[in-house]
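Participant: Each chain, letter by letter, is given below.
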Amino acid sequence: GEDVEQSLFLSVREGDSSVINCTYTDSSSTYLYWYKQEPGAGLQLLTYIFSNMDMKQDQRLTVLLNKKDKHLSLRIADTQTGDSAIYFCAESINNNDMRFGAGTRLTVKP
Amino acid sequence: EAGVVQSPRYKIIEKKQPVAFWCNPISGHNTLYWYRQNLGQGPELLIRYENEEAVDDSQLPKDRFSAERLKGVDSTLKIQPAELGDSAVYLCASNPWEGATEAFFGQGTRLTVV
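Taken in order, these protein sequences are the chains called A and B. Residues in the first sequence are numbered consecutively from 1, following the numbering used here. Residues in the second sequence are numbered consecutively from 1, following the numbering used here.
If you're looking for bench data, these hints aren't it; they were derived computationally from the structure. In this text, all values refer to a predicted model and were calculated from it rather than measured experimentally. Mixed in with the good hints, there may be bad ones.
[What the hints assert, rightly or not] Derived coverage of chain B by chain A (criterion: at least 3 residues anywhere in the stretch with Cβ under 8 Å from a Cβ of chain A; other residues may be distant):
#, region
1, 30 to 44
2, 91 to 99
3, 103 to 109
Each residue gets a CB set at the ideal place from its N, CA and C atoms; glycine is no exception.
Build out the structure end to end from the sequences listed, making use of the hints.
Facilitator: Set out below in structure tokens:
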């Protein structure tokens with residue numbers, strides 16, 4: 001199909017790891033992105049991965065890419081209450097646009 | 001450096017009325033996007049500008065939506081007349097150049113049509 005799919009909700013305890021999964025659609029996507037949206041705010045780019053990479057790590061964030069299965073994941077280590085937000089997976093389209101998933105609402109419990 | 005600025009933040013109008021949203025991208029950014037984000041959904045592209053040229057408006061409902069970026073800097077998105085289903089957050093984003101990796105988003109305008 002044409003949709004980028006994500007699970008809608010994830011709840012974790014503070015200090016645990018969070019893993020947010022995404023399935024995208026376009027095997028020719030050059031970049032895959034993770035954006036974060038806090039209440040009342042616009043989207044903020046967290047990280048992105050180039051399609052020829054399998055993994056990218058940036059401090060507490062680890063992105064894994066499985067091109068064969070068109071599966072992308074975002075792992076947040078030592079999740080904090082400030083990480084509570086909606087996380088959007090997005091794939092690049094024609095190198096000029098992005099197709100977004102519906103977002104995963106992460107709730108971090110103290 | 002100022003980010004992408006949008007106004008107003010909130011707008012409530014009655015159906016069939018016109019409404020306009022304004023966006024000022026980051027200085028020097030040639031690419032400007034308008035997205036619509038329905039409740040519980042991700043953003044969907046309405047239109048993309050490269051400088052003053054609308055290069056992708058295939059998703060813009062042209063019967064009631066229009067946009068302009070006359071001088072290749074700030075942009076206006078208009079809806080006339082608004083319908084109940086137009087209630088959403090309208091997001092503006094900009095890139096420094098066509099195909100740049102990161103798009104910078106504004107805070108959005110939340111439109112409620114009653």
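Participant: Now tell me, hint by hint, if it's right for this structure.
Facilitator: Evaluation of the provided hints:
1. 30 to 44: It holds: at least three residues are needed, and the region 30 to 44 of chain B offers 7 whose Cβ sits within less than 8 Å of chain A.
2. 91 to 99: With 4 residues closer than 8 Å to chain A, the region 91 to 99 of chain B meets the three-residue bar; holds.
3. 103 to 109: Satisfied; 6 residues make the cut.
Consistency note: the structure conflicts with none of the earlier hints.
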